[in-house]
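A.B. asks: As a plain string of letters, each chain reads:
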Amino acid sequence: MIYFYWYLGIGAVVLAVVYGAHHLTKKKESDSLRDLLEAVNPDRKKLSYRILNNFVAPVLAAILVVVVWPVAIYLKVKELFQKKESYVSPEELEFAVESEHLLERLTVEEIERLEVITDPLKAAPDLPFGHLNAAWQEFLQGKADGVELWSFSTQWQTTWGRKELRCGYAVVQDGAPGAYFLTVCKAVLE
Amino acid sequence: MAMCTNPLSDYFAMGGVNPRFESNCTALWRGYVGSWEVVDDRLYLVGINGTLEGGADATLATIFPDYPDRVFAHWYSGTIRIPKGKQLKYVHMGYGSTFERDLLLEIERGVIMATRIHHNGTADSDNDPEGYEVGAMTVFPRTSRGDQESA
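Chains A and B supply the protein sequences, listed in that same order. Quick note: the first sequence uses the working numbering, first residue 1, plus one each step. Quick note: the second sequence uses the working numbering, first residue 191, plus one each step.
Keep in mind the hints are simulated off the structure, nothing from the lab. One should not assume that every hint holds.
[Stated by the list, open to error] Incomplete in silico selection of chain A near chain B, CB under 8 Å:
{"no.": "1", "residue": "LEU121"}
{"no.": "2", "residue": "ALA123"}
{"no.": "3", "residue": "ALA135"}
{"no.": "4", "residue": "GLN137"}
[To be verified] Far from chain A, some chain B residues (derived; all Cβ distances over 10 Å):
{"no.": "5", "residue": "TRP226"}
{"no.": "6", "residue": "GLY244"}
{"no.": "7", "residue": "GLY275"}
{"no.": "8", "residue": "LEU278"}
{"no.": "9", "residue": "TYR285"}
{"no.": "10", "residue": "ILE307"}
Beta carbons: idealized from backbone N, C-alpha and C, even for Gly.
Build the full structure now, drawing on both the sequences and the hints.
C.D. replies: Below you can see the structure in the form of structure tokens.
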């Protein structure tokens with residue numbers, strides 16, 4: 001019987017260590033996250049859910065740790081090692097114009113002549129790129145003297161797998177495309 | 191009728207000035223609803239209903255001061271999806287729900303090039319909901335949590 005008490009005693013110590021470690025490393029649930037989770041699962045607001053989540057589940061977990069503490073130690077050690085190899089989400093790919101996407105070298109005047117917007121209901125300014133004229137002017141201001149402007153078109157796949165057709169105009173310096181101005185960005189259906 | 195596409199998002203992505211809308215509802219994270227009209231195969235934005243981060247109402251003039259009544263959506267190229275008929279399957283995420291039919295408008299730089307109808311199936315019951323709707327949402331109050339507690 002004494003061995004059984006020793007076993008439970010060690011279990012109680014393991015529980016204290018696991019509980020302490022959990023409280024030290026646990027991140028507090030932010031208000032915005034709580035709002036979001038409650039929106040997705042309205043049951044979270046119910047008293048029954050809170051009793052289960054905040055009282056019944058922790059008590060059952062504590063009893064389990066005391067009774068089968070070797071398993072708890074195994075799981076904790078496994079978790080520690082897994083953290084080192086934890087999944088790192090891929091960084092979102094950033095679109096960039098490449099040399100093979102370039103179509104034709106054009107002057108500012110040629111582009112602006114091509115891109116004047118006209119609307120019979122006069123719901124857009126008769127200017128190059130219409131409502132986006134200010135953005136175009138800003139793009140030109142950021143362009144260094146002596147660089148070239150090229151039209152481009154390419155299909156691009158985002159990090160999340162969506163295929164898009166992207167067209168526009170890119171600044172090209174010494175053959176290398178840099179900043180770009182988008183005129184078309186639309187999903188390509190398979 | 192409701193459409194499951196956001197052409198104004200492309201305007202912001204292409205460099206148009208985004209006045210920063212306030213998101214106060216889980217059913218409308220982008221913070222505004224645009225009203226659109228097709229006249230002679232051209233797509234026009236004719237209204238915006240939303241709230242800016244400062245609390246002011248957003249209108250078409252907020253984004254297009256010189257065009258407060260009608261804006262030609264020349265920046266938009268893509269497919270506009272307009273769901274029609276009864277709901278076949280509800281998905282509580284974005285525009286994930288499916289309906290009996292989708293009216294698809296193929297648009298190039300604001301001009302409709304083609305229209306087609308895609309049939310997705312027939313609803314099992316006459317009682318199934320008709321038209322686009324959101325099943326549930328949470329609306330966040332404008333006042334901050336701290337303000338509420340101190341009030």
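A.B. asks: Does each hint fit the structure? Answer for all of them.
C.D. replies: Hint check results:
no.	hint	verdict
1	LEU121	holds, 6 Å
2	ALA123	holds, 4 Å
3	ALA135	holds, 3 Å
4	GLN137	violated, 10 Å
5	TRP226	holds, 12 Å
6	GLY244	holds, 19 Å
7	GLY275	holds, 21 Å
8	LEU278	holds, 20 Å
9	TYR285	holds, 13 Å
10	ILE307	holds, 16 Å
This entry does not satisfy hint 4, going by the numbered hints stated previously; all others are met.
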